[in-house]
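**Student:** The primary structure of each chain is shown beneath.
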Amino acid sequence: MAEFMRKVLVVEDDRETAGQMAACLAESGYAVDLAVDGNEALERGRSGDYAVITVDRLLPGLDGLEVVQRLRTTGVTTPALIISALGEVDDRVRGLRAGGDDYLVKPFALAEMLARVDALARRSGTVVKETVLRVADLEMDLLARRVRRGGVDLELLPREFQLLEYFMRNEGRVVSRAMLLANVWDVHFDPMTNIVDVYVGRLRRKVDAGDTPPLIHTVRGVGFCLRAPQ
Amino acid sequence: MLLSKTLRSSTFRLAILYVCLFGASVAGLFGYVYWSTTKYVKERYDNMIAADRRELLGTYAHGGRDALVRELSTHAATSPMDGDIYLLSDADYVPIAGNLKEWPAVARTSEGWIEFSPLDWRSNAKHRPLLRALVTALPDGTHLLAGEDIDDMSAFARTINRGLAFGVTLLCLLAAAAGISITRRTVARIEAVNATSRAIMASGLGKRIPTRGTKDEWDQLAQNLNSMLERIEGLVRGIKEVSDNIAHDLRTPLMRMRGRLEVALRARRNADADEALIAHTVAELDEVLKTFSSLLRISAVEARERTVGFAAVDLGKLAAEVADLFDAAAEERGVHLRCSAAATAPVLGDRDLLFEALSNLIDNALKHGQSDVEVSVEPDGVAGVRLTVRDHGPGIPAGEHKRVFQRFYRLEHSRSTPGNGLGLSLVQAVAQLHGAELALVEGMPGLAVELRFPALSVTDASPGAAPARAPSAAVEFDAQATRPG
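Chains as they are written, first to last, in the working numbering: chain A, 1 to 230; chain B, 1 to 485.
Any given hint could turn out to be false.
Unchecked claim - Covered stretches of chain B, as calculated for chain A (at least 3 residues, CB under 8 Å):
(1) 280-289
(2) 313-326
(3) 329-343
To be verified - Okay, derived cross-link-like pairs now, DSS-like style, lysine-lysine, Cα gap no bigger than 27 Å in a straight line:
(4) B/402 <-> B/290
(5) A/106 <-> B/240
(6) A/106 <-> B/290
In short, the hints are calculated from the structure, not lab data. For glycine and all other residues, C-beta sits at the position ideal for the given N, C-alpha and C.
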């Protein structure tokens, strides 16, 4: 997918965590720059041409929110993923208000972080206003609210339609359970149960019915991915 | 001890200041009355004396010295003691006529007003009376003295003086006594608060300030401080519980993982086994981290400032959304999940937290009830909202009611189902944050969990406003309790 090396700036003061994040991102084809404090983050953020910046909230010197805020005031619009050990709702709202584009609570799975970065990196590209989404033989008509797989109409509940739309818009990308809850159900919490899996399971039974090659895949430890069969 | 405290207290100092100010103003008032009264009386006497002199000078002008002597002698003979004083003396101050026996010494040098107390005037009086007179030198060298006995006036002044001194003293004494008594009462009440604070510092948060049941401002202060202590104690207990929970319930899986890794470290390397072990350990660590997050989250919700970030949430719509999310899970279990909601059921709250709490309740009902689940949102009371999650499962033994809200508490028969025993703790914390009453009701069969939200008043809709009803910490346990999840 990546025609050129996309660059990610990781702002994190804990060297080991930063190293793990860098390794994970590099594995997925990103070029990674590291900044260990707020001032370095500002410098690099202003000069570099990054697809995504991840910012830890609690940094030595300059607070992570402050970094994002200053970048925004200087006209840097690079999508920012704010990472914080503070998970309360107010903190998330504050983070987004400061100019962050997404908020991830520590401790997080690296795969979850990667999924969020992927989503943000894609957002920075052009968004096409399609009326019909297509993945392999799956076709979604957004105007007629109709879904067909191999020419056969699928009967989906309204929420299932939304869920599938989100999957199709993120074709080939891993989306986490928390991302689904936030984007489809508009709630921000980490359910203690496998409720999202069960819901996706039902959608999968409708989309991948019979012996059609499966489109919706479970990604262990993170979430799901909708992609065309190879 | 109490007396020295009384004397040092600010109330007492205030009382003293008040007494001083009051005494000074009373003294000023008395002084003014004294001054104006004596001035008035003195002026009257002076006018009388001046009139007498005018008359006598008239007599002198018309009839000369002899007529004056005659007039004075007549007066002395007819009314010697009526208070009027007259004396005519020659150039050497030897009396010629009048009712004074001797020319007063003070009147020898000057003319005009004099005051004096002769020995022989009214000798029966208890003290030497004060006389006031006007001295005039006549053209023929004689001296005329016309005056009045003004002893009445000085007696009057003395009475006023005595009254003033007595009155001011009595007033100050009474005020001081009142000041001391009020101060003692105040100091005693403050001392009770202080004693409780010291007891809390010395032993713990269990102490409370005694109230007298008078419902006065002191009782109100004591009650407010007591409820504050109650809240602090609750928060401290929460923190302690969390650390206890971490010690007990998080250390166990960590120890297990540590042991597993230690064993693996000693064993010969085996790529397949190692991979399985790492995957297993990561999954288990995720569970530990999740539990840890949940604990912190419950504590954060419990300690959170009420209504911060609250907005009007339609509970009916929210319930439908949560039910929709769990629809697939119910289908998988082969049971029905029904949701009936009133047209509008607005409550003031945090949508994410309410969503999560309701998710936990529905999840519990599905997991442990193994039966159809009904979610209903209906009006409650005047403008409140009642949310009920009802199942038809086996319920819970009666003795477990209170414990199901404890962190990590799980019933015997639910140990095999996934869950960490924190679901209901979070529901309880969210309920308290929203001022909602959480109650467990016998479902016959099964059980119902009720959440009763207070009315959403107009002022509540404004940001930062207080909830309509104070949250009740008391949780009702009616019959069957629900199971923790």
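**Student:** Each hint should be assessed against the structure and marked as holding or not.
**Tutor:** Evaluated hints:
1. 280-289: holds (count 4)
2. 313-326: As far as the segment 313-326 of chain B goes, the hint holds, because 4 residues have Cβ atoms under 8 Å from chain A.
3. 329-343: holds (count 3)
4. B/402 <-> B/290: Holds: residue 402 of chain B and residue 290 of chain B sit about 25 Å apart, inside 27 Å.
5. A/106 <-> B/240: 23 Å, holds
6. A/106 <-> B/290: 11 Å, holds
Of the numbered hints given earlier, the model fails none.
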